[in-house]
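J.: Sequences are here, hints too, so could you generate the full structure?
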Amino acid sequence: MTEPVIRAQLYDGKTSGARAVRLGIAWSDGTKYLAIRAGATDTIVPMAAVIVGDRVGDTHRLLQLTDGGSLEVLDNGAFDRALQDADSRTVAALIRRLESHWRYAALAVVVILLCTMGFLRYGAPALAGRALTFIPASVDTVIGVDGLRILDRSIFTPSKLTSARQAQLQGVFGEVTVGASPDSSRYRLELRGGGSIKANALALPSGIVVLTDELEHLAINDDELRGVLAHEVGHLVKRHAMRLLIQSSSSALLLAGIFGDVTGVSTLVTAVPTVLVNAAYSRDLEREADEFAFRWMSRHNVAPEQLGNLLARLVDAHGGEQIGYLASHPSLRERVQAFGARSAARQNRN
Amino acid sequence: MATDGDADYSAESAAAAAPGVDAANAVVRYRPEFRADPKEYFRIWIINLALTILTLGIYSAWAKVRKLRYFYASTVLAGSTFGYHGDPRKILKGRIIAAILAGSYLAAGRISPIAALIVAGILAVATPWLVVKSRMFAMRVTSWRGLRFDFRADYTGAYRALLGWLVLGIVSFGLLMPRLSRERYRFIVTRSSFGNSAFECNPSIGRFYKTAIGAVGLMLAIVIPASFLFGLISYGLAAAHGKSQPVSSVFGTVFVLLLYAVMLPTVLGYTHARNLNEVFGRTSLGPLQLHSSLSASRLIGIYFTNLIGMVFTLGLYTPWAQVRLARYRLESLEVEAHGSLDHIVAATGVPVPAATGEEISSFFDLDFGF
Chain B
1 MTEPVIRAQL YDGKTSGARA VRLGIAWSDG TKYLAIRAGA TDTIVPMAAV
51 IVGDRVGDTH RLLQLTDGGS LEVLDNGAFD RALQDADSRT VAALIRRLES
101 HWRYAALAVV VILLCTMGFL RYGAPALAGR ALTFIPASVD TVIGVDGLRI
151 LDRSIFTPSK LTSARQAQLQ GVFGEVTVGA SPDSSRYRLE LRGGGSIKAN
201 ALALPSGIVV LTDELEHLAI NDDELRGVLA HEVGHLVKRH AMRLLIQSSS
251 SALLLAGIFG DVTGVSTLVT AVPTVLVNAA YSRDLEREAD EFAFRWMSRH
301 NVAPEQLGNL LARLVDAHGG EQIGYLASHP SLRERVQAFG ARSAARQNRN
Chain R
1001 MATDGDADYS AESAAAAAPG VDAANAVVRY RPEFRADPKE YFRIWIINLA
1051 LTILTLGIYS AWAKVRKLRY FYASTVLAGS TFGYHGDPRK ILKGRIIAAI
1101 LAGSYLAAGR ISPIAALIVA GILAVATPWL VVKSRMFAMR VTSWRGLRFD
1151 FRADYTGAYR ALLGWLVLGI VSFGLLMPRL SRERYRFIVT RSSFGNSAFE
1201 CNPSIGRFYK TAIGAVGLML AIVIPASFLF GLISYGLAAA HGKSQPVSSV
1251 FGTVFVLLLY AVMLPTVLGY THARNLNEVF GRTSLGPLQL HSSLSASRLI
1301 GIYFTNLIGM VFTLGLYTPW AQVRLARYRL ESLEVEAHGS LDHIVAATGV
1351 PVPAATGEEI SSFFDLDFGF
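Residue numbers (my numbering), protein chains in the order written: chain B, 1 to 350; chain R, 1001 to 1370.
Everything hinted at is true.
Keeping only pairs whose Cα atoms sit at most 20 Å apart, straight-line, the calculated DMTMM-like set for lysine to aspartate or glutamate is:
(1) B/Lys32 to B/Asp54
(2) B/Lys238 to B/Glu286
(3) B/Lys198 to B/Asp222
(4) B/Lys14 to R/Asp1342
(5) B/Lys198 to B/Asp316
(6) B/Lys14 to B/Asp67
(7) R/Lys1067 to R/Glu1033
(8) B/Lys238 to B/Asp183
(9) R/Lys1090 to B/Asp54
(10) R/Lys1067 to B/Asp58
(11) R/Lys1067 to R/Asp1087
(12) R/Lys1039 to B/Asp58
(13) B/Lys238 to B/Asp284
(14) R/Lys1067 to R/Asp1037
(15) R/Lys1067 to B/Asp54
Computed beta-carbon distance windows for the label pairs:
(16) R/Phe1228 to B/Gly129: 47 to 55 Å
(17) R/Tyr1159 to B/Gly68: 32 to 40 Å
(18) R/Gly1164 to B/Met117: 44 to 52 Å
(19) B/Met117 to R/Pro1287: 52 to 60 Å
(20) R/Phe1228 to B/Ala167: 49 to 57 Å
(21) B/Tyr104 to R/Lys1210: 47 to 55 Å
(22) B/Phe134 to R/Leu1314: 28 to 36 Å
(23) B/Lys14 to R/Val1262: 51 to 59 Å
(24) B/Arg295 to R/Tyr1159: 58 to 66 Å
(25) R/Thr1055 to B/Gly129: 19 to 27 Å
Per the computed footprint, the stretches of chain R lying under chain B, defined by three or more beta-carbons under 8 Å from a beta-carbon of chain B, are:
(26) 1038-1047
(27) 1065-1071
(28) 1143-1149
For the record, the hints were derived by calculation from the structure and aren't laboratory data. Please read these numbers as outputs of a predicted model, since none were measured by experiment. Virtual Cβ for every residue (Gly too), placed ideally from N, Cα, C.
T.: The structure is reproduced here in structure tokens:
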């Protein structure tokens, strides 16, 4: 039996007293024993009956004894050396090794950065796309039921277009929506004065497309407006609002899980990357809506450059500045170029 | 007797080493010591974070246990460290339920304000129950010198102290809010126990009102000059750029963020320092009396520099921030005893409840610990 030399404190589990003891670990008949020397008395217990607490960093281990008593090991190094033979291949030992070297810490930083950005950029959108098929389209109408009412109160003014012109535009909208999706019957067009968002069009998740008077004035012909309306209907058909909802909820949940809370200071820290990634993601959605518009225009013999022309004039109207709704769009110039290239390709094919 | 290089321990040894002398009459003050090393904790934190991500969150329960073990075991009172005995499997179960609830809460917020209000209402009604469950778990898995802490399952008291005073606070347009704060602290402390004795706590109501008035004053002292400054600068910007709205709206957002970054640490630091001093200063456990001497200006400084550090390192400063805050708060505490801390007697063993309550409340930031 090796001499008990490892410094520890014994707690009896009955009072808050502490007693200084020495510990030793020894083998006898193939069984491992823990020797506890208090004063002149030695107590021997089989190691199998002792619950050895994890050591985290350089803090003291706690050992739980069967009689309700416990031990606090004061000399980590000596105790670990005595335990060593049994302990070195366990998961706990592996995690302790990872936690005690800077090179693993550096590796962890890289892993965390890559995984977080990867999830926000690719994982969450893919998850949202997948989840979309499980949620009936009728649920989408629940999102932002009061959307138009809030916008009417804060931004829009009543449309000044003549009722004849309004009826004409409703007809154009009907052309775009007919057969666009199984529930295109609930889509409707609302005309409004644009207020601070000026020449603009937007799709509300409840199935409403808003077109501002200013954009109507900016358009030279109705084909240009067909392009714009097809783009907005594209957002509705592809259920972008629901996708964004799922995507941003799952991202927020992930970040909350990592940093521990939803409402605390960490929100400030994580807001920046989330905003950047969401902006990139909503650019993807815009491209998808453009794609939808392009296909609709090709099918109905409307030249794609019509939408390109209107976008080009929008760039001038907004003085190159992208505010409000337009801010999350891909640069308008980029889209104008994309539409130019598309029409050129189409003409070459013809 | 083993020496640990620890002044508090030797203070106790001196008292304990004098048998026969009436040690109960000697007043000894024990000051907790926080031995955590932020560099060591950084490695633990980052490895556990990476493992959590790689296991799609499942490891987070084990990570939490390691983090708390490190913090508890780094806290030394009279030569003995604190123990954390939470079971990661119980914590994982709680986390799964919490994640589902948090998900529906976030989704509700995006669907409509009314849906969010309904969920918030349900949460408010469930909160006292959650607080009791969460404190029961947190206390029963905490030990010092082999004895467990405990929390009494007093649900009626929880609804009276937490929900009752909240409703009164709202009905009185906030006038009774300082009282809510006091009742909340009192409830949390007085239902806690260590060994066979319960904590007692009787903070003064007037003191909570004084602190609340001081906090409102501080807020005004920041907001009023800031508004003048804001007006002045946006006037200057408008003069320089003509009527360029986008410039001033970007400036407005930045200004509001900066205002928050100054105001939150100041108001919270002031309020926390004064309230915690009052609560702990009036807390006792049997013959033991607690004291707390947090300085508002130092706590404000820690909150502020922690915020700045975390924002500019994208969160990598978190371990330093947490260690600094825990160290300052712990080392401002004192336990005053007549003689040694050796004579608190254990209560009979109690089963540890599931961690669900604790997990839900920590997810929603309803942490009612200190």
